[in-house]
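Whenever a hint applies, use it, and build me the whole structure from the sequences.
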Amino acid sequence: MSLFSAENKKIFWENIWKENPIFRQILGICSCLAVTNLVFNTFIMCVGLIVVTVATNVFVSLIKDYIPGRIRMITQVLIITVFVTIVDLLLQAFSYEVSKQLGAYVGLIATNCIVMGRAEVFAMKNRPWPSFLDGLGAGIGYSIILLTIAIPREILGFGTVCHYPVITSEGWVAWNIMIMPPGAFLMLGSLIWIVNSMGKKVAHEEKK
Amino acid sequence: MKSYIRMVLFLFVLSAISAILLTFFALETKEYIAKNRQKERFIHILKAMRILPEETQKLLAKDEKLKSMPDSTVQEKFQKEAVTIERTEYYLKKEKTEQILETFSSSIDVLELTPKNQIVLYKGKEFAYLPSNKVDYLHNLYIFRAKKEDHFYYTFEIAGAGFWDKVAGYMALKEGFKSIAGITFYDHKETPGLGQRIEEGWFQGQFTFWNKSIFREGSAQPELRVTSRKGTYDGEATQDFGKKQNEVDAITGASETSRALDRFVTKNLLHMFGRLAKIVEGKEGKEFFDTTTQAFLKNYPVAKP
Numbered sequence: 001m002s003l004f005s006a007e008n009k010k011i012f013w014e015n016i017w018k019e020n021p022i023f024r025q026i027l028g029i030c031s032c033l034a035v036t037n038l039v040f041n042t043f044i045m046c047v048g049l050i051v052v053t054v055a056t057n058v059f060v061s062l063i064k065d066y067i068p069g070r071i072r073m074i075t076q077v078l079i080i081t082v083f084v085t086i087v088d089l090l091l092q093a094f095s096y097e098v099s100k101q102l103g104a105y106v107g108l109i110a111t112n113c114i115v116m117g118r119a120e121v122f123a124m125k126n127r128p129w130p131s132f133l134d135g136l137g138a139g140i141g142y143s144i145i146l147l148t149i150a151i152p153r154e155i156l157g158f159g160t161v162c163h164y165p166v167i168t169s170e171g172w173v174a175w176n177i178m179i180m181p182p183g184a185f186l187m188l189g190s191l192i193w194i195v196n197s198m199g200k201k202v203a204h205e206e207k208k
Numbered sequence: 209m210k211s212y213i214r215m216v217l218f219l220f221v222l223s224a225i226s227a228i229l230l231t232f233f234a235l236e237t238k239e240y241i242a243k244n245r246q247k248e249r250f251i252h253i254l255k256a257m258r259i260l261p262e263e264t265q266k267l268l269a270k271d272e273k274l275k276s277m278p279d280s281t282v283q284e285k286f287q288k289e290a291v292t293i294e295r296t297e298y299y300l301k302k303e304k305t306e307q308i309l310e311t312f313s314s315s316i317d318v319l320e321l322t323p324k325n326q327i328v329l330y331k332g333k334e335f336a337y338l339p340s341n342k343v344d345y346l347h348n349l350y351i352f353r354a355k356k357e358d359h360f361y362y363t364f365e366i367a368g369a370g371f372w373d374k375v376a377g378y379m380a381l382k383e384g385f386k387s388i389a390g391i392t393f394y395d396h397k398e399t400p401g402l403g404q405r406i407e408e409g410w411f412q413g414q415f416t417f418w419n420k421s422i423f424r425e426g427s428a429q430p431e432l433r434v435t436s437r438k439g440t441y442d443g444e445a446t447q448d449f450g451k452k453q454n455e456v457d458a459i460t461g462a463s464e465t466s467r468a469l470d471r472f473v474t475k476n477l478l479h480m481f482g483r484l485a486k487i488v489e490g491k492e493g494k495e496f497f498d499t500t501t502q503a504f505l506k507n508y509p510v511a512k513p
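One line per chain: the protein sequences are P and V, in this order.
Residues in the first sequence are numbered from 1 upward in steps of one, following the working numbering.
Residues in the second sequence are numbered from 209 upward in steps of one, following the working numbering.
Hints should not be assumed to be uniformly reliable.
Anything over 10 Å on all C-beta distances counts as not near chain V; from chain P, calculated [claimed, not checked]:
hint, residue
1, Val-82
2, Ser-169
3, Met-180
Keeping only pairs whose Cα atoms sit at most 27 Å apart, straight-line, the calculated DSS-like set for lysine-lysine is [unchecked claim]:
hint, chain 1, residue 1, chain 2, residue 2
4, V, Lys-342, P, Lys-100
5, P, Lys-100, V, Lys-302
6, P, Lys-100, V, Lys-301
7, V, Lys-210, P, Lys-64
8, P, Lys-100, V, Lys-304
Per label pair, the in silico range of CB-to-CB distance [stated by the list, open to error]:
hint, chain 1, residue 1, chain 2, residue 2, range
9, V, Ile-213, P, Phe-94, 36 to 44 Å
10, V, Met-277, P, Ile-192, 38 to 46 Å
11, V, Lys-302, P, Thr-168, 36 to 44 Å
Just so you know, these hints were derived from the structure itself, not from any lab.
We put the beta carbon where it would ideally sit given N, CA and C, even for glycine.
Here's what the structure looks like:
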């Protein structure tokens with residue numbers, strides 16, 4: 001099978017939309033609510049999650065034949081934790097301010113169900129390259145939703161995008177709720193509602 | 209039996225690989241992380257004493273927001289002070305590490321006091337370039353001294369349990385320790401939008417703008433109160449609301465963070481003064497502290513445990 005065969009492409013694209021971890025599987029909600037009040041922080045968090053998901057998937061896939069069935073979950077957690085710690089160390093070394101702002105949430109990537117979910121469901125049964133694509137797709141799918149939530153939250157909450165002022169009007173009053181977790185609930189709920197309505201409409205038209 | 213041995217062996221090998229990987233990354237990033245943390249501390253020490261690199265001073269002078277702010281009424285002056293504090297931190301963080309080290313080296317001297325009361329005095333340059341394993345912020349007490357316009361300023365760390373986690377910062381006192389020259393927080397995990405407001409200019413500005421003191425009137429023991437009693441500054445201050453000289457305003461909606469500050473800042477001050485009173489008459493104490501501060505420490509009534 002070629003690297004970019006139709007089946008491999010499907011693995012990648014399904015995680016981005018059809019099986020998107022956030023609005024289809026409702027996974028990774030904790031970090032989605034916590035870190036999406038600033039676009040730049042969200043972006044760094046997304047890069048961290050993509051790296052961890054891809055690395056875990058590939059590593060698990062490489063050693064899957066040697067993992068004893070009874071301790072496969074412990075093995076996956078250990079691998080995830082190692083990669084999360086590496087990402088955390090790199091952030092503290094090369095992006096200290098962002099690392100401080102993300103605080104505990106980088107460490108909490110270890111408990112993100114998306115990483116564990118992809119390792120258990122996909123990487124344990126597939127070869128490294130499809131596992132790489134699966135991890136990449138799931139990570140990008142997660143990132144798209146997080147950034148979609150982060151952009152309006154930062155604009156409404158701070159009047160900026162990536163710290164660059166976009167609302168400079170004197171009379172503008174920042175929506176404080178948008179920088180707090182309830183703002184993320186509102187945004188995420190609205191997004192899931194829109195996406196589900198679109199899905200129903202498509203399904204209805206297909207039925208016709 | 210064979211499967212158990214395989215499981216143990218597998219976990220042993222995997223743990224060994226994990227340990228090697230993590231050790232490699234920890235060692236490779238150790239120096240960078242130490243430098244980042246040191247830079248962060250130095251930024252806040254400089255900010256507390258308002259000793260700023262030239263570039264930061266220029267940026268502050270050119271800052272459009274500050275330039276456009278009127279300062280004729282007390283309220284306007286206070287708001288300008290609050291924004292100045294925030295912009296100072298913002299510009300200091302933009303400075304290159306070398307610039308921060310340079311400013312620290314040329315303006316600050318350091319007194320290190322170990323738990324066994326051993327004293328080491330450092331010139332700023334010596335301290336700024338000490339290897340990270342020679343500085344022990346956890347066990348030693350560090351006092352940072354600077355001279356500005358013929359007056360001495362002393363800065364020390366304030367730290368304690370906040371609402372969620374440790375809150376740490378620096379407080380600068382003017383010579384004689386009577387009044388506060390600045391306060392800043394470099395580490396905390398308080399609630400965003402509530403306790404997090406200890407970072408804001410209006411909260412930190414009230415300590416200096418209203419010439420707050422760490423002493424209750426007529427008392428020689430430090431007692432800094434963070435209180436909701438009488439009025440709130442909260443960026444809208446038009447007067448001092450009759451608060452006492454040792455009282456600053458609590459943060460609305462963040463009672464626990466305010467109570468934590470109320471508790472641990474005074475505790476830190478009591479601890480520090482108690483220790484400094486014991487060493488002030490020694491050679492290093494006399495060399496480090498100016499005469500007014502020496503007189504205060506000599507007469508400081510060390511609290512009985």
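Structure-based check of each hint:
Residue-level check failed: P/Val-82 sits 5 Å from the nearest beta carbon of chain V, not beyond 10 Å. Every CB of chain V lies more than 10 Å from the CB of P/Ser-169, the least distance being 15 Å, so the non-interface label holds. A beta-carbon of chain V comes within 10 Å of the beta-carbon of P/Met-180; the shortest separation is about 5 Å. Taking the CA atoms of V/Lys-342 and P/Lys-100, the gap is near 24 Å; set against the 27 Å cutoff, the hint holds.
At most 27 Å may separate the alpha-carbon atoms for a hinted pair to count; P/Lys-100 and V/Lys-302 meet this at roughly 16 Å. Our distance criterion of 27 Å between C-alpha atoms is met by P/Lys-100 and V/Lys-301, whose separation comes to about 13 Å. About 19 Å separates the Cα atoms of V/Lys-210 and P/Lys-64, which keeps this hinted pair within 27 Å; it holds. Of the pairs offered as hints, the one joining P/Lys-100 and V/Lys-304 holds, with about 18 Å between alpha carbons and a cut-off of 27 Å not exceeded.
With their beta carbons about 42 Å apart, V/Ile-213 and P/Phe-94 fall inside the hinted range of 36 to 44 Å. In this structure, V/Met-277 and P/Ile-192 meet the distance hint of 38 to 46 Å, their C-beta atoms being roughly 43 Å apart. With their beta carbons about 21 Å apart, V/Lys-302 and P/Thr-168 fall outside the hinted range of 36 to 44 Å.
In terms of the numbered hints stated before, the structure departs from hints 1, 3, 11, listed from lowest to highest.
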